[in-house]
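Trainee: Given next are the chains, with one letter for each unit.
2 protein chains.
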Amino acid sequence: MSSKSKLFDDAVRSLTSLPGIGKRSATRLVLHFLSRPKEEAVEFAEAIETLVKNIKYCQKCHSISDEEVCSICLSKRRDQGFICIVESVRDVMAIEETGQFQGVYHVLGGIISPIEGVGPENLNIDTLKERLSTGRIKEVVMAISPTIEGETTIYYLSQIIAPLGVSISTISRGVSFGGELEYTDEVTLGRSILARLPYNTNKE
Amino acid sequence: MSSKSKLFDDAVRSLTSLPGIGKRSATRLVLHFLSRPKEEAVEFAEAIETLVKNIKYCQKCHSISDEEVCSICLSKRRDQGFICIVESVRDVMAIEETGQFQGVYHVLGGIISPIEGVGPENLNIDTLKERLSTGRIKEVVMAISPTIEGETTIYYLSQIIAPLGVSISTISRGVSFGGELEYTDEVTLGRSILARLPYNTNKE
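Sequence lines, in order, name chains A and B.
If you read the first sequence in the working numbering, its first letter stands for residue 10, the second for the next number, and so on.
If you read the second sequence in the working numbering, its first letter stands for residue 10, the second for the next number, and so on.
Read the hints as simulated data drawn from the structure, not as lab findings.
Don't take every hint at face value.
Pairs count within a copy or across copies, as identical chains cannot be separated in the list.
Straight-line C-alpha distance at most 20 Å; calculated DMTMM-like pairs for lysine to aspartate or glutamate [to be verified]:
#, residue 1, residue 2
1, 15, 76
2, 13, 105
3, 65, 48
4, 62, 160
5, 138, 106
6, 85, 105
7, 147, 160
8, 85, 49
9, 147, 76
10, 47, 19
11, 62, 125
12, 65, 77
13, 65, 148
14, 138, 88
15, 47, 58
16, 32, 19
17, 13, 48
18, 62, 52
19, 32, 106
20, 65, 88
21, 138, 148
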């Protein structure tokens, strides 16, 4: 929809550059801003600016943080000897949401992808090596997507980590809970048979 | 998802206050801002601020405008004697999109709704009266949603406009083009029979 207002169209264009926001949603959002008191939109804009200007990345794990070191890396209730290696901050949040992991994280900031020009030197691997060479880390679990790039990254990291005497695991792959075998792709299904688990007959 | 960062959570909260944006989309948007150069997010925030601080409302029709009077009200190609009365700026855009209306607009800024505490005094009705009393307006068409509040508003306005000798119409209501009779609500279907139109056997 053309609004005949350059200011309006600029704001719509700016919003449509965001992921998942089309022209219709953008128009609706801009009209929403205009329908509310001016201060509300200014506050909103300032929250975004404050975020990008002030957010820090934890010096230890590279996850987002309000301080130099994040609350997970500082927590005494977390196992500081157990590191979960992930691609991005989003993955940290997703795993935290499960409540199943009590260790700490290391955010790589991407995965090795020759096509996109991302090599090991572009990832937070040096600081990972440093953390692992202190001798205080007993285990790492790699929670990295099982794609070709992901597998490459896991292989590359395993070559670095294994000589340090740290135990390495990856998250399990297989059929999703509640997933139908019929709709599971054949690679996943095939691997889930190869990586079958002993069935516990004495379930709690 | 909790991020353990107050700055992050503030930005997410700020985004979820927007229509059509849930917590998941908001998190995705904030991570998007963080994954892009800082300047991009700042530019985005500034586009929103610039918009709300600088947008004007046309002194004649109350639609949004970059100048004191909007381009439609200034256009010599538009019929300045034919006013389409609408609830909001969004309706102006929707009607402009059709390309079927060659007159000008008058944005009420809402509709009469006792439940939401909106009375005629809260709407742009005084300026409408002024425009109509110049004698230069031949017709108004009310493009207002056929809801109870809409019908109330149309009735209220008709009582004001009729004595001024201006011809009044409303947009037609009926079954949508491409709509199935089976799925049309009974009020619409009933009225569409009462308001039946002569069929043109010499279609162009």
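Trainee: Could you run down the list of hints and mark each one as holding or not?
Mentor: Structure-based check of each hint:
no., hint, result
1, 15 with 76, "between (40 Å within a copy, 10 Å between copies)"
2, 13 with 105, "between (46 Å within a copy, 10 Å between copies)"
3, 65 with 48, "between (27 Å within a copy, 16 Å between copies)"
4, 62 with 160, "neither (34 Å within a copy, 50 Å between copies)"
5, 138 with 106, "neither (27 Å within a copy, 58 Å between copies)"
6, 85 with 105, "within (16 Å within a copy, 62 Å between copies)"
7, 147 with 160, "neither (22 Å within a copy, 72 Å between copies)"
8, 85 with 49, "neither (39 Å within a copy, 37 Å between copies)"
9, 147 with 76, "neither (26 Å within a copy, 67 Å between copies)"
10, 47 with 19, "both (17 Å within a copy, 19 Å between copies)"
11, 62 with 125, "neither (27 Å within a copy, 40 Å between copies)"
12, 65 with 77, "within (7 Å within a copy, 44 Å between copies)"
13, 65 with 148, "neither (27 Å within a copy, 61 Å between copies)"
14, 138 with 88, "within (18 Å within a copy, 73 Å between copies)"
15, 47 with 58, "both (17 Å within a copy, 9 Å between copies)"
16, 32 with 19, "within (12 Å within a copy, 26 Å between copies)"
17, 13 with 48, "neither (24 Å within a copy, 27 Å between copies)"
18, 62 with 52, "both (15 Å within a copy, 12 Å between copies)"
19, 32 with 106, "between (32 Å within a copy, 13 Å between copies)"
20, 65 with 88, "neither (23 Å within a copy, 57 Å between copies)"
21, 138 with 148, "within (13 Å within a copy, 77 Å between copies)"
When each numbered hint is compared with the structure, violations occur for hints 4, 5, 7, 8, 9, 11, 13, 17, 20.
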